[in-house]
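K.L.:
Full structure from sequences and hints, please.
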Amino acid sequence: EPEVTQTPSHQVTQMGQEVILRCVPISNHLYFYWYRQILGQKVEFLVSFYNNEISEKSEIFDDQFSVERPDGSNFTLKIRSTKLEDSAMYFCASSPSWTLPRLAGKFYEQYFGPGTRLTVT
Amino acid sequence: QKEVEQDPGPLSVPEGAIVSLNCTYSNSAFQYFMWYRQYSRKGPELLMYTYSSGNKEDGRFTAQVDKSSKYISLFIRDSQPSDSATYLCAMREETSGSRLTFGEGTQLTVNP
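Just so you know, the sequences run in chain order A and B. Numbering follows the working numbering, in which position 102 of the first sequence is assigned residue number 102; successive positions increment by one, without gaps. For any residue, its number in the working numbering is found by taking its place in the second sequence, counting from 1, and adding 1000.
A few of these clues could be false.
Once the Cα atoms are required to be at most 20 Å apart in a straight line, the calculated SDA-like pairs of lysine to any residue come out as [to be verified]:
{"id": "1", "chain 1": "B", "residue 1": "K1042", "chain 2": "A", "residue 2": "M89"}
{"id": "2", "chain 1": "B", "residue 1": "K1002", "chain 2": "A", "residue 2": "L39"}
{"id": "3", "chain 1": "B", "residue 1": "K1002", "chain 2": "A", "residue 2": "I38"}
{"id": "4", "chain 1": "B", "residue 1": "K1042", "chain 2": "A", "residue 2": "E44"}
{"id": "5", "chain 1": "B", "residue 1": "K1042", "chain 2": "A", "residue 2": "T119"}
{"id": "6", "chain 1": "B", "residue 1": "K1042", "chain 2": "A", "residue 2": "T5"}
{"id": "7", "chain 1": "B", "residue 1": "K1067", "chain 2": "B", "residue 2": "Q1001"}
{"id": "8", "chain 1": "B", "residue 1": "K1056", "chain 2": "B", "residue 2": "Q1031"}
{"id": "9", "chain 1": "A", "residue 1": "K57", "chain 2": "A", "residue 2": "S81"}
{"id": "10", "chain 1": "A", "residue 1": "K78", "chain 2": "A", "residue 2": "H10"}
{"id": "11", "chain 1": "A", "residue 1": "K83", "chain 2": "A", "residue 2": "S73"}
{"id": "12", "chain 1": "A", "residue 1": "K57", "chain 2": "B", "residue 2": "N1027"}
{"id": "13", "chain 1": "B", "residue 1": "K1042", "chain 2": "A", "residue 2": "G40"}
{"id": "14", "chain 1": "A", "residue 1": "K57", "chain 2": "B", "residue 2": "E1003"}
{"id": "15", "chain 1": "B", "residue 1": "K1067", "chain 2": "B", "residue 2": "G1054"}
{"id": "16", "chain 1": "A", "residue 1": "K78", "chain 2": "A", "residue 2": "E1"}
{"id": "17", "chain 1": "B", "residue 1": "K1002", "chain 2": "A", "residue 2": "T5"}
{"id": "18", "chain 1": "A", "residue 1": "K78", "chain 2": "A", "residue 2": "E53"}
{"id": "19", "chain 1": "A", "residue 1": "K83", "chain 2": "A", "residue 2": "Q14"}
{"id": "20", "chain 1": "B", "residue 1": "K1042", "chain 2": "A", "residue 2": "Q14"}
{"id": "21", "chain 1": "A", "residue 1": "K83", "chain 2": "A", "residue 2": "N52"}
{"id": "22", "chain 1": "A", "residue 1": "K57", "chain 2": "B", "residue 2": "K1042"}
{"id": "23", "chain 1": "B", "residue 1": "K1042", "chain 2": "A", "residue 2": "V12"}
{"id": "24", "chain 1": "A", "residue 1": "K83", "chain 2": "A", "residue 2": "V24"}
{"id": "25", "chain 1": "A", "residue 1": "K78", "chain 2": "A", "residue 2": "V120"}
Honestly, the hints are just simulated from the structure, not real lab data. Please read all numbers here as calculations on a predicted model, not as lab measurements.
P.N.:
What follows is the structure in structure tokens.
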């Protein structure tokens, strides 16, 4: 069964350093997402991406964050200058569509990867 | 007030028990309601979704939505040790694209 993969599983970095988290979405999916989960807190939406541009972003996704689909398979999240508070589990997700189920006649699920644990020291 | 509230537990039940998991929400624009299951060191996995108010059943799982009370529930019948996981409620609006808003998650342990 196809699945979303993420690398690395755990990344340790020093405050102020740049990190790139990598995701390989499911191959025929068109919509890509990043969420994060700070330890003990809820999963929070960061950004959605379609057709090589950001569709929607949350207030968390400030100028320190960027996303890119550098080739036909990878989807990356870059944090330019990491802060201690960026320590979290970062989940990538993909979906074949985001069309409203009521219009499409079916529900398009977001499939989540296993996550990358980012530790900023 | 938080947009979505969920009792984090932990919840521990004996095998075979009926489990009730709940979320409340404040955003009236939420129209789609989902339950995800998350095992340790894994990403969330969709269990069930419902649109608008009502009940939906899938095997041992029943999802219930009461929009008038802004309250959703997931019932697990005949719970099994393999059901031990964290259960996350998630919601989305009709028109804001596909952003999911999650609850905190409830950690469930089913003891054999």
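K.L.:
Under the criterion that the straight-line Cα-Cα distance not exceed 20 Å, is the pair K1067(B), G1054(B) satisfied?
P.N.:
holds, 9 Å
K.L.:
If you draw a straight line from the CA of K1002(B) to the CA of T5(A), is it 20 Å or shorter?
P.N.:
With a Cα-Cα distance of about 31 Å, the restraint between K1002(B) and T5(A) is violated, given a limit of 20 Å.
K.L.:
So if I understand the rule, the pair passes when the alpha-carbon distance is 20 Å or less; does K83(A) with N52(A) pass?
P.N.:
violated, 27 Å
K.L.:
Quickly compare the C-alpha distance for K83(A) and Q14(A) to 20 Å and report which way the hint goes.
P.N.:
holds, 8 Å
K.L.:
Does the structure keep K1042(B) and M89(A) at a Cα separation of 20 Å or less?
P.N.:
holds, 10 Å
K.L.:
Between the alpha carbons of K1042(B) and E44(A), is the straight-line distance 20 Å or under?
P.N.:
holds, 16 Å
K.L.:
Is the Cα-Cα distance between K78(A) and H10(A) 20 Å or less?
P.N.:
Cα-Cα ~15 Å, so holds.
K.L.:
Taking only the CA atoms, is the gap from K78(A) to E1(A) under or equal to 20 Å?
P.N.:
violated, 28 Å
K.L.:
Given the hint that K1042(B) pairs with T119(A), does the C-alpha gap stay at or below 20 Å?
P.N.:
Cα-Cα ~17 Å, so holds.
K.L.:
Taken at face value, is the distance from the CA of V24(A) to the CA of K83(A) at most 20 Å?
P.N.:
Roughly 25 Å between the alpha carbons, so the hint for K83(A) and V24(A) is violated.
K.L.:
Hinted pair, alpha-carbon criterion (20 Å max): K1042(B), Q14(A). Please report holds or violated.
P.N.:
It is violated: about 25 Å lies between the C-alpha atoms, which goes past 20 Å.
K.L.:
Would the hint linking K1042(B) and V12(A) be met if the CA-CA limit is 20 Å?
P.N.:
holds, 19 Å
When held up to the earlier numbered hints, the structure conflicts with 11, 16, 17, 20, 21, 22 and 24 and fits the remainder.
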